[in-house]
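Below, each chain spelled out in residue letters.
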Amino acid sequence: MGSAAEMDRRLRPPPTKGASSVARVTDDWYIACRSEALSGKKPLACTLLGIPLVLFRDGDGRAHALLDRCPHRNVPLSLGAVRDGQLECGYHGWRFSGDGACRFVPGLCGPHEARGRRVEAFATRELDGFVWVYTEADREPVREPFRFSLLDDARYTHVPYSLDLEGTMHAAIENALDVPHTAYLHGGLFRKAGGTKNRIRVVVRRYHDRVEAQYLDEPRPPGLAAKILAPSGGTVEHYDRFILPCIAQVEYKLGDDSHLLTSAAFVPVSDFETRLYSVVSFRLPLPGWLVAPVLRPVALRILKQDAEMLREQNAMVHRFGGEQYISTEADVLGSHIMRLLRNAERGEREPSDEPWVKEGELLI
Amino acid sequence: MGSAAEMDRRLRPPPTKGASSVARVTDDWYIACRSEALSGKKPLACTLLGIPLVLFRDGDGRAHALLDRCPHRNVPLSLGAVRDGQLECGYHGWRFSGDGACRFVPGLCGPHEARGRRVEAFATRELDGFVWVYTEADREPVREPFRFSLLDDARYTHVPYSLDLEGTMHAAIENALDVPHTAYLHGGLFRKAGGTKNRIRVVVRRYHDRVEAQYLDEPRPPGLAAKILAPSGGTVEHYDRFILPCIAQVEYKLGDDSHLLTSAAFVPVSDFETRLYSVVSFRLPLPGWLVAPVLRPVALRILKQDAEMLREQNAMVHRFGGEQYISTEADVLGSHIMRLLRNAERGEREPSDEPWVKEGELLI
Amino acid sequence: MGSAAEMDRRLRPPPTKGASSVARVTDDWYIACRSEALSGKKPLACTLLGIPLVLFRDGDGRAHALLDRCPHRNVPLSLGAVRDGQLECGYHGWRFSGDGACRFVPGLCGPHEARGRRVEAFATRELDGFVWVYTEADREPVREPFRFSLLDDARYTHVPYSLDLEGTMHAAIENALDVPHTAYLHGGLFRKAGGTKNRIRVVVRRYHDRVEAQYLDEPRPPGLAAKILAPSGGTVEHYDRFILPCIAQVEYKLGDDSHLLTSAAFVPVSDFETRLYSVVSFRLPLPGWLVAPVLRPVALRILKQDAEMLREQNAMVHRFGGEQYISTEADVLGSHIMRLLRNAERGEREPSDEPWVKEGELLI
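Chains as they are written, first to last, in this note's numbering: chain A, 91 to 454; chain B, 91 to 454; chain C, 91 to 454.
One or more hints might be untrue.
What the hints assert, rightly or not - Calculated pairs, DSS-like style, for lysine-lysine (alpha carbon to alpha carbon, straight line, at most 25 Å):
# : chain 1 : residue 1 : chain 2 : residue 2
1 : B       : 132       : A       : 394
2 : B       : 448       : B       : 343
3 : B       : 394       : C       : 132
In case anyone wonders, no lab produced these hints; they're calculated from the structure.
Produce the complete structure using the sequences and hints provided.
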C-alpha cells in the first residue's frame with residue numbers, strides 16, 4: 091500500500107506549468123464601500139487584498155479604517171460600537187481613535203494608552219460617493235485615488251451598479267476589456283457570432299500607469315445594446331482602457347451627440363474574490379430617463395453571463411492548481427494589464443511621456 | 091504559547107502507520123458514461139482518475155474525449171456547444187476537432203491552427219451501451235476494454251444499475267467480492283449471522299490480470315435473496331472474480347437451470363470517489379419478468395447498506411490520515427486485488443498461463 | 091505570472107507573531123458524556139482531544155471506552171451493536187471486550203484472539219452522573235477525575251447545563267473566569283458599563299494544579315443577576331478558580347445565607363471545539379424552586395453571548411493564522427491558566443504547599 095502522504099494527495103489532473111494571475115499591488119487605493127453604506131453610528135466590516143478592515147466615522151463624520159482585530163483578544167472590532175467618535179470593542183470595551191491608538195481599557199487602574207495596544211490604521215479618502223482605502227498600514231499614501239470623471243457634467247446620465255465576482259482581479263478586468271468574447275458569451279445581446287466580419291485596426295498604447303486599445307474604423311456592431319447606443323449607425327470611436335491598480339474603462343463615441351463611458355473600479359477582496367463598482371455615464375440623442383431603464387436589464391444580463399463564466403474559469407484553474415493560458419493577437423490587452431500589475435507589485439511605475447505603441451488587426 | 095505551525099495542526103487521533111488503497115492504473119479503460127447519456131448536440135462533462143474530461147460526438151456520431159479545459163482561458167469546454175461536429179468553447183468561441191486540434195479562433199486574422207492551441211485527447215470505445223475512455227492523453231491504447239458477456243444470449247434477463255460510492259475503488263471492489271460481511275451488514279437479506287455454520291473450502295487462483303475465488307460445497311445460504319436464486323435448494327457453484335483494472339464479478343450456478351452473473355465496472359472518479367456501473371444477468375427456473383421486480387429492491391437495499399458503510403469507512407480513514415487494516419484468512423480476495431493493482435500501476439502485467447493457487451477454509 | 095505555489099497561498103492579512111492557546115493535556119480526565127446518555131444497548135460515539143472514541147456498557151453495566159475504529163477495516167465501531175456485553179462491529183461482526191481484546195472473527199476457522207486485532211482502550215470512571223475518560227490509551231491513570239462537590243448537600247439547588255463552544259479550551263475558560271467583559275458583552279444583564287467604578291483588591295494564588303483569584307471588598311454589582319443573587323446588597327465574597335486540566339469555578343458568598351458555586355468541566359473535543367458541562371449549585375434566602383426558573387434564562391442568555399463572541403474570536407484567529415494577544419493587569423487569570431496548562435503538557439505538576447501569591451487592583 092502507498093504512503094500516508096499519498097493520502098492527502100487528492101487525485102488531480104496533470105499539473106499545469108504553474109501560473110497565476112493573482113496580483114497584490116498594496117501601495118495604492120481601492121474602494122472599501124459606498125459612502126452611504128457607512129453610517130455615523132455603526133462600524134462596517136470590509137476586506138481588501140484579504141485584509142479584514144473595520145470602517146467607522148469619527149465625531150466630525152470623517153471615515154477611518156483600522157485592522158478589524160482587537161489587539162487585546164483578537165475579536166473583530168466591527169462587532170463593537172462607535173462611542174464619542176471612537177471605536178469600542180464589543181468584548182471588553184477597549185476604545186480606539188481613528189489613528190488606531192488605544193484610548194481606554196475598562197477595569198485598568200494604570201495608564202490606558204500604550205504602544206502595544208495600538209491597532210493598525212489605514213489612510214482613507216471619501217470621493218465621488220465612495221470610501222477609498224490605501225492598503226498599506228500606518229503609511230502615508232504615495233498617490234491619490236482614481237476620480238470618476240463626468241459626474242458633475244449635467245448633460246450625462248449616470249447608472250451605478252456593483253457586483254461580486256469569483257476569480258482574480260486580472261481575470262475580471264481582462265474580461266471587462268475583451269472584445270471577441272462578446273460575440274459568443276453574449277451572442278445576440280451585444281455582438282453576433284458568425285456572419286460577415288470586418289477587419290479593423292487596433293492601436294495599443296501602453297503608458298507607465300495605464301494601457302489603452304483604440305479600435306479604428308469600427309462599424310456599429312449588430313445587436314440590441316449597439317442599437318440603443320447608436321440608433322443612426324455610423325462609425326464608432328471605441329477605446330478600452332486599464333488604469334493602475336484596478337480601473338477598467340470602455341468608451342464609445344459617435345460624433346458629438348453620443349458618448350458612453352463605463353468606468354469600473356475593481357476591488358481585490360482576496361486573491362480569488364473580486365468586487366466591482368461601476369458607473370455608466372452616457373449622453374445620447376435620446377433622453378437618459380428613457381435609455382437607462384432599457385440599458386440596465388441588458389447590462390445586468392451581460393454581467394451575469396460574465397460572472398458565471400469567471401466563476402467556472404476560477405473553479406477549473408483551482409482544479410488544475412494554476413493557470414495555463416495561451417494567447418493570440420485577438421487577446422489585445424490581457425498581457426499588458428498583467429505586465430503593469432507585476433511592475434506595480436515591484437514598485438516600478440517610472441513615469442514617461444512617450445507611450446509604447448503597437449498596431450494590430452482584429453476581425454469584428 | 092505554542093508556535094503558529096501548531097495552529098494549523100488540527101488535533102488528530104494517533105496517526106496510523108500510513109497506508110492507502112488508492113490505485114491509479116492509467117494505461118487502461120474505464121466507463122465514462124452510458125451511450126444514451128451522450129447526445130449528438132451537447133457535450134458532456136465527466137471525471138476519470140481525477141481528470142476532468144469533456145465528451146462529444148462528431149458529425150458521424152463517433153464519441154470523442156478531450157481534457158475539459160480550453161487552452162485559451164481554461165474554462166470548461168463542456169460549457170460550450172457542438173458545432174458542425176466540432177466542440178466550440180462557450181467563452182471566446184475557439185473550436186476543436188475530436189483529435190484535440192484547434193480549428194478556429196474568432197477574431198484572429200492569422201492562421202488558426204497551432205500546436206500550443208491543442209487540447210489533450212483521450213482514446214474512446216463505444217461498446218455494450220457504454221462509452222469507455224483510455225486514461226492516458228494522446229496515446230495509442232495498449233489493450234481493449236472489458237466486454238460484458240451474455241448480453242446477446244436471449245435466455246438471460248439483464249438488470250442494469252449504477253451508483254456513486256465514497257471511498258477508494260479498491261475498498262469498493264473488496265466490499266463487492268467479500269463474503270463474511272453479508273451476514274452482518276446485510277443480515278437477514280442475504281446471509282444470517284449466528285446459527286450453524288458450514289466449513290467450506292475456498293480455492294483462490296491468481297492470474298496476471300485477474301484473481302478468482304471458488305467456493306466449494308457451499309450449501310444454499312439462508313435469506314430471502316438466496317431463496318429467489320435457488321428455490322429448490324442444493325449445492326451452489328460460486329465464484330467471486332476481479333479483472334484488471336476495475337471489474338468485479340460474482341457468479342452463482344445451480345445445475346443447468348440457474349445461472350446468475352453480476353458484472354460490475356467500477357470507475358475511479360477520483361482517489362476517494364468511485365462510481366459503479368453494473369449489470370446483473372440471470373437465467374432461472376422462474377421467468378425473468380417475474381424475478382426482476384423482486385430482485386431489484388433487495389439488490390438496491392444491499393447496495394445502499396454497502397454505500398453507507400463505505401462512506402463511514404472513508405470518513406474514518408481520512409480522520410486518521412490513512413488506513414491501518416488487519417486481515418485474516420476470511421479476507422479472501424482483498425490483498426490479491428491490491429497486489430494486481432499495484433503491479434498494474436508499475437506496468438507489470440506479464441502474461442502467464444499458470445495461475446498462482448491457494449486453498450483455504452471459511453465458515454459460512 | 092507568479093508561481094504555482096502562489097496559487098494555494100490564499101491572500102492573508104499580515105501574519106501574527108504566531109501563537110496559539112491550544113493545550114493538549116493527555117494524562118488526565120475529561121467528561122465523555124452524561125451517564126444517562128449511555129444506554130446498555132447501544133454504543134455511543136464521542137470525541138476527546140480529537141480522538142474518536144466509542145463508549146459502551148458491558149454485561150455488568152460498567153462503561154468502557156475504545157478507539158472508535160475497527161482494526162479490521164477501520165469503520166467506526168460505534169455503528170455496531172452491544173452483544174453479550176461485548177462490542178460488535180457492524181461491517182464484518184468482529185467482537186471486542188471492554189479491554190479492547192478481539193474475541194470473535196466471523197468466518198474464521200483458526201484462533202480468533204490476536205495481538206494485532208486489539209483495539210486501543212481508555213480508562214473510564216463514572217462519577218456524579220458523568221462518564222469520565224482518561225485520554226491516554228492502554229495506560230493506568232496517574233490521578234483521579236475532579237468531583238463536583240455539594241451535590242449531596244440537601245440545602246443546595248443544582249442546575250445543570252451543557253453547551254458546545256467554538257474556540258480553544260483555554261479561550262473558553264479564560265472567558266468563563268474573566269470579570270471585565272461582563273460589563274460590555276453582558277452589559278445590563280450582569281454588570282453595567284460606565285457609571286461610578288469601585289477600585290477593589292484582587293489576590294491571585296497559584297498552586298501546582300490550580301489558580302484562584304479572590305476579589306476583596308467587592309460591592310454587590312448592579313444588574314439583574316446580581317439582584318437575584320444578593321437581594322439585600324452588602325459585600326460579596328467572590329472567587330474565580332481554575333483547576334487542571336479543565337475545571338472553572340465561580341463562587342459567590344454573602345454571609346451565611348447565600349452561596350453560589352458554578353463548576354464547569356470544559357471538554358477539549360478538538361483543538362478548536364470545546365464542550366462545557368456545568369452545574370450551578372446555590373443556597374439562597376429565597377427557595378431554590380423560585381430562583382431556578384429566573385436564573386436559567388439569564389444564564390442562558392449570558393452563555394449565548396459568550397458562545398457567539400468565542401466563535402467570532404476563533405474565526406478571526408484562524409483568519410490570521412494564529413493569536414496575537416496583548417494583556418493588561420485587568421486580565422487576571424488568563425496567563426496563569428496558560429502557564430498551568432503548558433506545565434501539565436510537559437508533565438510538570440510538582441506539588442507544593444505554598445502558593446505563588448500576587449496582589450493587584452481592578453476597577454469594577
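Inset, instruction - If any of the earlier hints don't hold here, list their numbers in rising order. - result: none
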